[in-house]
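Q: Residue strings, one per chain:
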Amino acid sequence: MFFCGVLLMPRLIKKRSKKAGLSPGTLIHIGEKRAEKTRIRIIEYDEKIFQEREVAKIEECFPLQDAPILTWINIDGIHQVEIIETLGKHFGLHPLLQEDILNTDQRPKVEDHDDHLFIVLKMLHYDDKEKEVTIEQVSIILGPQFVISLHEGDSDIFNLIRERIKNKIGRHRKMGADYLAYTLMDAIVDHYFIVLEKLGERIELIEEALVAKPTQDTIREIHKLKRELIFLRKSVWPLREVVNTLEREEPPLIQVSVAPYLRDVYDHTIQVIETIETFRDMVSGMLDIYLSSVSNKMNEVMKVLTVIATIFIPLTFIVGVYGMNFKYMPELEWSWGYFAIWGVIVVVALGMLTYFGKKKWL
Amino acid sequence: MFFCGVLLMPRLIKKRSKKAGLSPGTLIHIGEKRAEKTRIRIIEYDEKIFQEREVAKIEECFPLQDAPILTWINIDGIHQVEIIETLGKHFGLHPLLQEDILNTDQRPKVEDHDDHLFIVLKMLHYDDKEKEVTIEQVSIILGPQFVISLHEGDSDIFNLIRERIKNKIGRHRKMGADYLAYTLMDAIVDHYFIVLEKLGERIELIEEALVAKPTQDTIREIHKLKRELIFLRKSVWPLREVVNTLEREEPPLIQVSVAPYLRDVYDHTIQVIETIETFRDMVSGMLDIYLSSVSNKMNEVMKVLTVIATIFIPLTFIVGVYGMNFKYMPELEWSWGYFAIWGVIVVVALGMLTYFGKKKWL
Amino acid sequence: MFFCGVLLMPRLIKKRSKKAGLSPGTLIHIGEKRAEKTRIRIIEYDEKIFQEREVAKIEECFPLQDAPILTWINIDGIHQVEIIETLGKHFGLHPLLQEDILNTDQRPKVEDHDDHLFIVLKMLHYDDKEKEVTIEQVSIILGPQFVISLHEGDSDIFNLIRERIKNKIGRHRKMGADYLAYTLMDAIVDHYFIVLEKLGERIELIEEALVAKPTQDTIREIHKLKRELIFLRKSVWPLREVVNTLEREEPPLIQVSVAPYLRDVYDHTIQVIETIETFRDMVSGMLDIYLSSVSNKMNEVMKVLTVIATIFIPLTFIVGVYGMNFKYMPELEWSWGYFAIWGVIVVVALGMLTYFGKKKWL
Amino acid sequence: MFFCGVLLMPRLIKKRSKKAGLSPGTLIHIGEKRAEKTRIRIIEYDEKIFQEREVAKIEECFPLQDAPILTWINIDGIHQVEIIETLGKHFGLHPLLQEDILNTDQRPKVEDHDDHLFIVLKMLHYDDKEKEVTIEQVSIILGPQFVISLHEGDSDIFNLIRERIKNKIGRHRKMGADYLAYTLMDAIVDHYFIVLEKLGERIELIEEALVAKPTQDTIREIHKLKRELIFLRKSVWPLREVVNTLEREEPPLIQVSVAPYLRDVYDHTIQVIETIETFRDMVSGMLDIYLSSVSNKMNEVMKVLTVIATIFIPLTFIVGVYGMNFKYMPELEWSWGYFAIWGVIVVVALGMLTYFGKKKWL
Amino acid sequence: MFFCGVLLMPRLIKKRSKKAGLSPGTLIHIGEKRAEKTRIRIIEYDEKIFQEREVAKIEECFPLQDAPILTWINIDGIHQVEIIETLGKHFGLHPLLQEDILNTDQRPKVEDHDDHLFIVLKMLHYDDKEKEVTIEQVSIILGPQFVISLHEGDSDIFNLIRERIKNKIGRHRKMGADYLAYTLMDAIVDHYFIVLEKLGERIELIEEALVAKPTQDTIREIHKLKRELIFLRKSVWPLREVVNTLEREEPPLIQVSVAPYLRDVYDHTIQVIETIETFRDMVSGMLDIYLSSVSNKMNEVMKVLTVIATIFIPLTFIVGVYGMNFKYMPELEWSWGYFAIWGVIVVVALGMLTYFGKKKWL
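Chains as they are written, first to last, in the numbering used here: chain A, 1 to 362; chain B, 1 to 362; chain C, 1 to 362; chain D, 1 to 362; chain E, 1 to 362.
Bound-form chain A, shown alone:
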């Protein structure tokens, strides 16, 4: 429900104005309520143990935090401000950080708060029915032995990671919280490619429409696509800096062994950005094609029609001459006059057609 054409952008910003004039650090949820109910799931694991449970209250997951075991708290639905508040108090999160979680209008960023890293990302979904991209904010808090992930909606694409941990697929069980945080980011970035594919298909369809029969709807489709690409770019572009910061500045919470994985995510991010830029180049080229195609079709129509009119107008003049009622018009008396005039008409018409043909106007 994000890119709903004309309505999209003002709504995005309107929410923001709820905050203006409030004390900094005041917690207010900015954004649509995407999930019906907040859902909290906790996964605890190390090389041997794997526990998974769903809790009703956020407090239930706290006793476990100091255990040597790795804890992943996954929260779907962030509209319940008090949950974030309780979480913030327990883990010692800065008030502004809590504010950032709730403000879904956030730019992707990474912040190093010494004992935890705070990462904001944008998740992209493609709504096949509405043919639009929806953007959702995901916040990840990485501590020494825990990872907290918070979504606006529900976190389908993280289920696969849960499965992998459970079934001991991949390196999860042997690696720390930093690796888990990396796989979450990787899953999000990998999902971008699916969205890009869908957009690629739409570009393909538009191009076909352009060649076959360009209409005013095509232009609107192009415009919509252009706009979605503007927003996509805005969501993905800062990610580059985020991943680069994580890789280069080597915060103490991220171990050296995870660095090559981050470099991989960085490469993918660059690829996503380049594909978006390529799409933009393509879409902007389409408008030119459209305009030249429309004007060509128009020109063709105009030309043929004008040629027809031009041939008959002089002929109509000729027959008009002999429709005059002058008393004395010698041609009218000639018995072969009528046929002669048909001859003149044919000669004039053929002459003009030849001339137009020579000039390649037909």
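Source of the hints: derived by calculation from the structure; they are not laboratory data. Any given hint might turn out to be false.
Since the list gives no way to pick one copy over another, a pair counts as held whenever it fits inside one copy or between any two copies.
Unchecked claim - DMTMM-like mimics (lysine to aspartate or glutamate), calculated; alpha carbons at most 25 angstroms apart, straight line:
| id | residue 1 | residue 2 |
| --- | --- | --- |
| 1 | 213 | 112 |
| 2 | 168 | 82 |
| 3 | 166 | 52 |
| 4 | 360 | 221 |
| 5 | 360 | 208 |
| 6 | 131 | 281 |
| 7 | 168 | 52 |
| 8 | 174 | 105 |
| 9 | 57 | 114 |
| 10 | 360 | 204 |
| 11 | 358 | 277 |
| 12 | 358 | 217 |
| 13 | 89 | 221 |
| 14 | 359 | 288 |
| 15 | 224 | 274 |
| 16 | 327 | 115 |
| 17 | 358 | 208 |
| 18 | 359 | 217 |
| 19 | 226 | 281 |
| 20 | 89 | 44 |
| 21 | 360 | 217 |
| 22 | 303 | 47 |
| 23 | 109 | 250 |
Once you have looked at the hints, place chains B, C, D and E on chain A.
A: Just chains B, C, D and E now, kept in the frame of chain A:
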């Protein structure tokens, strides 16, 4: 009264010429007189005490400056040059700094004068009646125990901060002058989002007009919007550097505990700038839609009208032929000639319509 | 006489070719002779003394150079190569520096020659009669106790500075040669604002013309303005670097107390550049308005005229039918036939008008 | 089969989605199967010895790896995942590196894995039949005594290098593995020039078509070319950074004597990039020519045709007047009336022609 | 013979493909043979001695190389590969450097080979007959006591430098090889201004044509100019970096006293680049003027012609009505009917003219 269309920009600059040729540091007010009377309000507070009063003369607030208490001097209306002068003498402000306060054509900037920081910002208002953005300059001087804020007009959006200090909401009472200066900046930047919302609504309206019935007025609206965005960008862009300087260079007057708050303002500034850029991208796309929409509508008209004309011109020729007055025209004598000619007319007309239909010209 | 439309630019460059093939450091005046006669004025002053005189020969001002007093040599008209040569020999100026003074096609720049700084600036004038901007080169040589300023034409805007020194207005008498050089630069940059104002007024006039009655002349005006802005930008843009270098690199000839003044000039330069950029954005938007305005007006004309033609062409066909001379045409015999045909004509005409009206083609 | 017009880009990305949701480091071939069968060729050589053989199983080439002799393993066709896996185990390649080899959608890059360098490049081919550029990924692994090169398709352009090594042409026999890796890169970059030539020829053809007879196909050709240049640029641009990194960072695996050769490759890469940019500039200029050419031709047609119509319409009116059947029309009775009317017709026609000629409308 | 319109660019690149697949360092001449015969001239000089001679074989100039005297070897025509090879062997030039001399498609660059500097520049000529710019490559090798300059064609502009050395004009006799190399570069850059002048004149002519009578040829002229500017820019832009490197990195072969001269060349290079950019801005503005001028002229024609047609079409309808042959048409019987109809015609015509005049359609 700022973006009054055509009149806007020259007026802005004209004022400047009053200064050319004067000695540097000469104090002259450049800008419109926005407030009727200069209004000076002083607020003094620490964790326990809170005093608020309005003074007639700027000198009244000076004795308090050396007290250990925190003083906030808020001045609305800067057109009275002598007030700035007295203030400058008392607080030891550089003549060029005083000049900058009075010159409302200033670029946002920050200057570190060792014992005080000088910050220039732009406040944006949206005038709902005129449907325009107005820009107002706000200067903030931050000393160890005092903050001076100077506005061109009146400072509505600072009232909320006064209320919060009075009612002990937020962290004001526990923090220093640097935090107060931060909240002033934060209030201004937060207000930008309201202005952006209004512009977003206008963009929405224009887009609807483009789809429904584009007129020459729509183009003018787009042009006006484009222009306002140019000026908005000019006002907000340098702010990025200002906040970044404050955060990175860590001037001694700003304590470490305020740094995360400044980073938050920085994030918001980036967001404002990105939204302006997005708006610009959108508005520039609109012109293309408009032009293609207008030319499409025109083409449609021309095509149908031309088709009608083209069908009837040959037919007129045919009937013209039998309007000729030749003595010997065999067809005229035939009793079924008239009906035959109607047949020819119908056949020619249908033939042309079929041809045009096949070519998809209708 | 600079921006004389089409003739402007080639003339600028043609002069340059006089130099090609000559030994580097050969002194040749490149540029128009702007002043009739070279005029040399010397001002000597310290806190107490003030002497002003005009000399016929450049040698007359040399004995004074080593005195502890501050000397300002102001030269209007640089076409007399021998004066520059004598000056160069006396003050030990590098041959290439002398060449740069004479070559009025120079880019604004600053060069640190240890015992003197060499600054090249562009002075802008607005010729109200020709409605054009003229560009003039000003060279400033700053030594420990002297300032030499060289103009192509005459230096009106420096007269005010002379007056101020004479009448002890401002800080001149207490400050050194660096402050004097600063005020010269400040006067030039302040003068830019006057030129920008004039251009702003012209933009305003063009915009009004665009709204009222756009003609081919408007386009030419826009083109001329665009071109002037290109040249303005070329003249002012490098200034930014010049002033920044002076402020940041802190050459020994410039004292710390002058730095804030240079920062002020820097701010003004940025403002001038930003205003030029804003003007460029505005002017480029104008072309779009013009084109859409012209095509709109044209479309309106074409539409109404075509509608008229389209209504009458079928009607002409109808009356043509009954102008045929067939022997047997039953309608012609009917006594009410003529009136019936008028009925048909009115019905067809009204039908077409209704259709066009419904389609909003009228 | 790469640039197949509309189908190109989505297919490129679709493959990628196979990976989303999989554990990082899972090996899956992304891309088309270009070679029928994987073909493994091993060349071992030092100053004296030269052995060349083709093996069926990748394991056959391993015993040789520790010998002091230099080994070049060249693999055509990478779709057999197990080969890469075996290779990776034997040479200790990072799982992500193996993934990168298989993912043919990779960006050109270089990675330093201490005991080996991993280089990804794009090979360009020009398909003369389809008139399209195809892009193929080449991975090069450079170890202390071995080079492994992996292609999607077959590696024709490396045959020349094999010949040169065999026949002792050039410096190969005296230099190390780093020189071999350099020559592979050099061969790829040199091949770019051939592709650019072909594109240059197509640009030439399009320009000729533009001058001779621009059609809608020309526009489509331009669009296709534009698109290919977008993809070419995307493939070549990151190479600049790759070669620069190799030259500047001086990884231990690359000896000082090879540095000037890398600088040479760097120069060529810059040249390729600049040529692509030049092509883009040219192609974007073409669209303007096309549009102005089409509209000029159209204008010419319209003008002549309209002139003809305009001359005859008033004449038709005149003869219409004397076709009226009023009882009393004095002119009709005059015996020279008919000839007089011809005179009027000729005068009007000549008058209009003269007027149009004067206005230069013909 | 360089910018021969359409044929220009492919030819440039085609030559390159001769190299693909060859061993790096293989010497092949890439480019046209510009000089009939290679011509080798040697000048030896110090403060007292001056010797000049032309040799047939390159070996003749070698014995002199170790003498304390300064040697300048000037070679016109580089197509004889063996000369470059002999030269390379004698002076110890790297094979890749020799390759670069022969490859006339080189980018301007500077390379520091410890005992000699290698500089590649582009010489521009303006062919007055063909009205095109030709680009020629000049390589300069600067050693401690020698300078070797190599041209594709003949080196007219260096004759002046030879004359100056001979006649002891300028500083040559007192300075070293670095100063000689500088003067060669200076001569080339100074020559750029002459080419720019010629282009400036052509821009002037095109602008006049645009105002007077824009034709399709004008567009082609603009396109050609645009293209030449693209190539000019490509040739001159890297020069900036070259001269900057020489000035900043202070290679040991260049003495401190030459640095200010290099800064001067740098300034000129910047000026050339800026002029090219200004030309580009101007030329791109021209296209807009052209299009608006053409469409304005067209509109004017169409409008007047359409007005004429529109007035006469309704009139023709009116006279058509009274050409009908109905038995009973009362108006026809009236004796003043004919004159009345003339009255109606005049009224209708004047009415329409008035209406069009009011709407400003005429």
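Q: Decide, hint by hint, whether the structure agrees.
A: Results for each hint:
1. 213 - 112: neither (54 angstroms within a copy, 52 angstroms between copies)
2. 168 - 82: Between copies only: 22 angstroms across chains, 35 angstroms inside a chain, cut-off 25 angstroms.
3. 166 - 52: within (9 angstroms within a copy, 49 angstroms between copies)
4. 360 - 221: between (36 angstroms within a copy, 22 angstroms between copies)
5. 360 - 208: The answer is between: 18 angstroms across copies meets 25 angstroms, while 30 angstroms in one copy does not.
6. 131 - 281: both (21 angstroms within a copy, 22 angstroms between copies)
7. 168 - 52: within (14 angstroms within a copy, 44 angstroms between copies)
8. 174 - 105: Neither: 36 angstroms inside a copy, 30 angstroms across copies.
9. 57 - 114: neither (27 angstroms within a copy, 49 angstroms between copies)
10. 360 - 204: between (35 angstroms within a copy, 24 angstroms between copies)
11. 358 - 277: neither (46 angstroms within a copy, 40 angstroms between copies)
12. 358 - 217: So residue 358 and residue 217 pass the 25 angstroms test across copies only (22 angstroms; inside, 38 angstroms).
13. 89 - 221: Close neither inside one copy (48 angstroms) nor across copies (50 angstroms); limit 25 angstroms.
14. 359 - 288: This pair counts as between: shortest inter-copy Cα distance 23 angstroms, intra-copy 28 angstroms.
15. 224 - 274: Intra 20 angstroms, inter 19 angstroms, cutoff 25 angstroms: intra and inter.
16. 327 - 115: neither (113 angstroms within a copy, 108 angstroms between copies)
17. 358 - 208: between (35 angstroms within a copy, 21 angstroms between copies)
18. 359 - 217: Classified as between; 19 angstroms across copies, 36 angstroms inside a copy.
19. 226 - 281: Classified as both: same-chain Cα gap 10 angstroms, cross-chain 9 angstroms, threshold 25 angstroms.
20. 89 - 44: within (21 angstroms within a copy, 32 angstroms between copies)
21. 360 - 217: For residue 360 and residue 217, the Cα distance is within 25 angstroms only across copies (17 angstroms; inside one copy 33 angstroms).
22. 303 - 47: neither (78 angstroms within a copy, 75 angstroms between copies)
23. 109 - 250: both (15 angstroms within a copy, 21 angstroms between copies)
Violated hints, listed in ascending order, are 1, 8, 9, 11, 13, 16, 22; each of the other numbered hints is respected by the structure.
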